[in-house]
Amino acid sequence: MSTTGTVLIVGAGQAGSELAAELRTQGHTGRVVMIGDEAGLPYKRPPLSKGFLTGAIPAEQLLIRNAAVYEKNNIEFIGGTSVTAIDRAAKTVTLSDGQTLGYDKLALTTGGRARPLPVMGADMANVMSLRSQTDAEKIREHLVAGHRLVIIGGGYIGLEIAAVAVKAGLEVTVLESAPRVLARVTAPEMSAFYTRVHREAGVDIQVGVQIAALENDGKKVSAVILADGNRVAADVVIVGIGLIPNTELATAAGLAVDNGIVVDEYGQTSDPDIVASGDCANRPSPLLGGRVRLESVPNAMDQARHAARLLVGQPKAYDELPWFWSDQYELKLQMCGLSSGYDQVVIRGSTETRAFSAFYLKDGRIIAADAVSQLKDFGVMKKLVGARATVAAERLADTTLLLKDLAVEAGL
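Going left to right, the sequence shown walks through residues 3 to 414 as this note's numbering numbers them.
The set of hints was computed from the structure by calculation and includes no laboratory data.
From the three backbone atoms N, C-alpha and C, an ideal C-beta is built for every residue, glycine too.
Do not take every clue at face value.
What the hints assert, rightly or not - Listed next, the in silico EDC-like pairs over lysine to aspartate or glutamate satisfying Cα-Cα at most 20 Å (straight line):
#: 1; residue 1: LYS334; residue 2: ASP345
#: 2; residue 1: LYS169; residue 2: GLU202
#: 3; residue 1: LYS384; residue 2: ASP365
#: 4; residue 1: LYS46; residue 2: ASP329
#: 5; residue 1: LYS384; residue 2: ASP329
#: 6; residue 1: LYS93; residue 2: GLU250
#: 7; residue 1: LYS52; residue 2: GLU332
#: 8; residue 1: LYS140; residue 2: GLU173
Stated by the list, open to error - Okay, the calculated beta carbon distance ranges per label pair:
#: 9; residue 1: ALA91; residue 2: GLN316; range: 26 to 32 Å
#: 10; residue 1: ALA254; residue 2: LEU290; range: 24 to 30 Å
#: 11; residue 1: THR31; residue 2: ALA127; range: 48 to 54 Å
#: 12; residue 1: GLY82; residue 2: GLU411; range: 26 to 32 Å
#: 13; residue 1: ALA319; residue 2: ARG115; range: 28 to 34 Å
#: 14; residue 1: ALA319; residue 2: ALA394; range: 29 to 35 Å
Please model the complete structure; the sequences and the hints are all you need to start from.
This is the structure in structure tokens:
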């Protein structure tokens, strides 16, 4: 593609905003239109479960870019509108208001939505999930000291909300169906650490439990009933059990979809005129030797930049190292790489100090790492993981050895 023509971006989140900006950076002079189902400009979602929920971050600071930036770069924004259909033959999209827009290239950055709890009563007024700014504002209204909050799901979102709520004086219970919190993404040692941290803060964490029912009066839930018959009283319930990628539009248009919109290493879908990036995209992973759909802001932004480069005819294969973060209490957890298939965990430092690292090894090579309040070391950790470096476990665990020196020994 040349640097002219109309690019429509469906989805106005982190990926959509980044893709639009990158198009201009790469010299695209044609029309750029971003369409979002929320009325306001694209905003950052990570603070929703952290600073925005506490009130420390005001709404205006959530904006990824202000209106003046989009205007200066001639990026059109259509908010409060959804795309209902894609006509690939005619190269048009139909909007929920009946309007039809044509495109030369189309970018799908449709993100995902909170997975609903498949239990009767999940639609009651005091049962919520956190995905949007509106969700966060609604939850914030319920963070009243003394109220009983039950969080279903012990992943990042659930634990971040628990940390905010217990500090606000709520009585907090976290219910997790897996044998431990953060089971999908961390080692047992890390799960045990965060369980201890939350329990010390006053959070009641229950693992290996199943939700049988939500006791309610037709308007509000008053308790969560577990499969073993136990009853957990609740004034408010927050469900954080994962995300469903928004792929329905792509499926209806006949694009390849498999746990996300299938793209190649450049971000191209099965249609040469359509790209996809962010939480909705399933891409090849050199690290895994297979395909993966990641849910993270750095991934969404990196994928979007690569997709934009493809659209202006400067393709670059996406091979960025995945990384993530989570803020709970005073702790910053930073993670890089994908730990799937690890056969050894090396703890560097002591969990008692609340500042330590965990390295995930497979066949002697470092494939992922977690850092708790180790900001200075995280850059080196990313290098070690990115290179799949080989470092003896006993040397990794030895805190008298500087991590940067171990990286040099590994040839980095």
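Hints and how they fare:
no.: 1; hint: LYS334 x ASP345; result: 25 Å, violated
no.: 2; hint: LYS169 x GLU202; result: 12 Å, holds
no.: 3; hint: LYS384 x ASP365; result: 18 Å, holds
no.: 4; hint: LYS46 x ASP329; result: 15 Å, holds
no.: 5; hint: LYS384 x ASP329; result: 19 Å, holds
no.: 6; hint: LYS93 x GLU250; result: 18 Å, holds
no.: 7; hint: LYS52 x GLU332; result: 11 Å, holds
no.: 8; hint: LYS140 x GLU173; result: 18 Å, holds
no.: 9; hint: ALA91 x GLN316: 26 to 32 Å; result: 27 Å, holds
no.: 10; hint: ALA254 x LEU290: 24 to 30 Å; result: 29 Å, holds
no.: 11; hint: THR31 x ALA127: 48 to 54 Å; result: 49 Å, holds
no.: 12; hint: GLY82 x GLU411: 26 to 32 Å; result: 56 Å, violated
no.: 13; hint: ALA319 x ARG115: 28 to 34 Å; result: 29 Å, holds
no.: 14; hint: ALA319 x ALA394: 29 to 35 Å; result: 32 Å, holds
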